[in-house]
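> Residue numbers (this note's numbering), protein chains in the order written: chain A, 1 to 223; chain B, 224 to 454.
Rather than coming from a laboratory, the hints here were simulated on the basis of the structure.
There could be a bad hint or two in this list.
[To be verified] Examples of chain B residues toward chain A, derived with CB under 7 Å: (1) ALA273; (2) VAL274; (3) ALA391; (4) ILE401; (5) PRO404; (6) VAL407; (7) VAL432; (8) ALA443; (9) LEU447; (10) ALA451.
[Stated by the list, open to error] Simulated restraints, written as ranges between beta carbons of each label pair: (11) A:TRP75 with B:ALA264: 47 to 53 Å; (12) A:PHE19 with B:THR234: 37 to 43 Å; (13) A:PHE36 with B:ASN395: 43 to 49 Å; (14) A:ARG72 with B:THR428: 37 to 43 Å; (15) A:ARG72 with B:ALA367: 44 to 50 Å; (16) A:LEU120 with B:THR234: 46 to 52 Å.
Ideal placement from N, C-alpha and C gives every residue a C-beta, glycine not left out.
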Amino acid sequence: MGEWGNAMKFLKWLLLPYFAAFVAAAFLWPKPAEGFIGESSRIVFFHVPCAWTATLAFLVAAGYSLTYLIRRNPWHDEIAAAAVRLGLLFAFLALITGSLFAKVMWGSYWNWDPRESSFLLLIFLYGAYLFLRAAVEDPERRAPMAAAYALFAAVLMPFLTFVAPRITASLHPQTVINPQGKILMDSPTKAVFFGGLLGFSLLFFWMLSLEARTARCDRNQPV
Amino acid sequence: MGEGENRPRGTLSRVWAVAQKDAAQELRRRIALASVFFFAATALTLVSFAVGPIGVPAESRAAVISALLWIILFFSAATGLPRAYVREEETGTALALRRVTSATIVLAGKTFFNFGLFLAIAAVALPAFALLLEWQVDSPALLALVLITAGFGLSVVSTFLSALVARASQKNVLFVVISFPLMVPLLLSAITATIEASRGSLPGTALRVLVAYDGAASCAAYLLIRAAWED
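Okay, chain A solo, but in the shape it has when bound:
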């Protein structure tokens, strides 16, 4: 195991106490935000980091796709595909946590809110990437096509996640991205919130490293 493998092993052991502390803080430290029913506002510590990590994963996929098109190393294509799979996992978690919040606040798991719908479409967008990969059997042909789609999707993704939800009225709270350009949170909430963003991002990179090592094993290369 090289230096990279040791760093990831260290990250794994770091993530265990980090997440224990994060979960405890999320439920015990900040007061529930005003204007929300009961403790429902605490879901922001899990929902937003999941949504952020999904977006990060799709951007990482775009980065590896671009690297593949420049260097033509099949390993980069496999990492891009792994990043999309993990991105979909976090996107599903964001959708589930968002639906739970919607049930408490708005009375229904699904309200056809523009942000809910745009996130569902984001899942379709990257689910289509996996469909495209499955429809091409030859790996040498599949890799450039998948890379081209991932980059094309990354260019049009902001229209889906940032522009489309703002064309129509939304029920979604605007605590982070809002017209005032300010983060509308008190200090403990802000600390736990950003701690969550960091923790989920690190968790994604650790999971991606596992995928990368598996891909190397499949290619009979040293991990």
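Put chain B on the given structure of chain A with help from the hints.
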């Protein structure tokens, strides 16, 4: 052969040549082109049957009719526009096309042909739609602008995705699966802009989004077409 025919052709004339070739091929196989218009007519009739007897309340009329119009236009376009590259693979002419001109010229030529095809579908479907559903459009000029802007974006994305699915299995299903999520922002903006145009007001924000989408999609398609089609 005259002397002039050996001169190297400019970019625009090569783009035009590709668009002309596609138009000639489509007109030769009239059944394919006719099926696109037949699909639009069938969808239109179905909508008229479903919505006509019930009637749409006046306050939501513009929104419902605009959404139905773009659903018809999107699915009519989805039956014809993906053929751009698929046809080359099926007839075995893709390799020849790759040898005689660059991927970006082929993309531009096919996009212009598809754009023309979209405008032709819209030119047939829109008056029929307005007639059957008694739809009053206060500003036809603004509606035409919306159709041109959204239609161009739809053509660019369809043409690029056609290149992607051309060598995959289950092409037609795959095209719908990969195109729908990419086109939702375009369709949402087009519907919003159509609602405003039909009421006679300038759809400023929606039109700006459409122009930005067209620009982003065109640049991305131009930069990525070699990876999608040539490799």
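> Compare the structure with each hint and give your call.
Okay, the hints, checked on the actual structure:
no., hint, verdict
1, ALA273, "violated (21 Å)"
2, VAL274, "violated (20 Å)"
3, ALA391, "holds (4 Å)"
4, ILE401, "holds (4 Å)"
5, PRO404, "holds (4 Å)"
6, VAL407, "holds (5 Å)"
7, VAL432, "holds (6 Å)"
8, ALA443, "holds (4 Å)"
9, LEU447, "holds (4 Å)"
10, ALA451, "holds (4 Å)"
11, A:TRP75 with B:ALA264: 47 to 53 Å, "holds (51 Å)"
12, A:PHE19 with B:THR234: 37 to 43 Å, "violated (56 Å)"
13, A:PHE36 with B:ASN395: 43 to 49 Å, "holds (46 Å)"
14, A:ARG72 with B:THR428: 37 to 43 Å, "holds (42 Å)"
15, A:ARG72 with B:ALA367: 44 to 50 Å, "holds (45 Å)"
16, A:LEU120 with B:THR234: 46 to 52 Å, "violated (41 Å)"
The structure is inconsistent with the numbered hints 1, 2, 12 and 16, although it conforms to all the rest.
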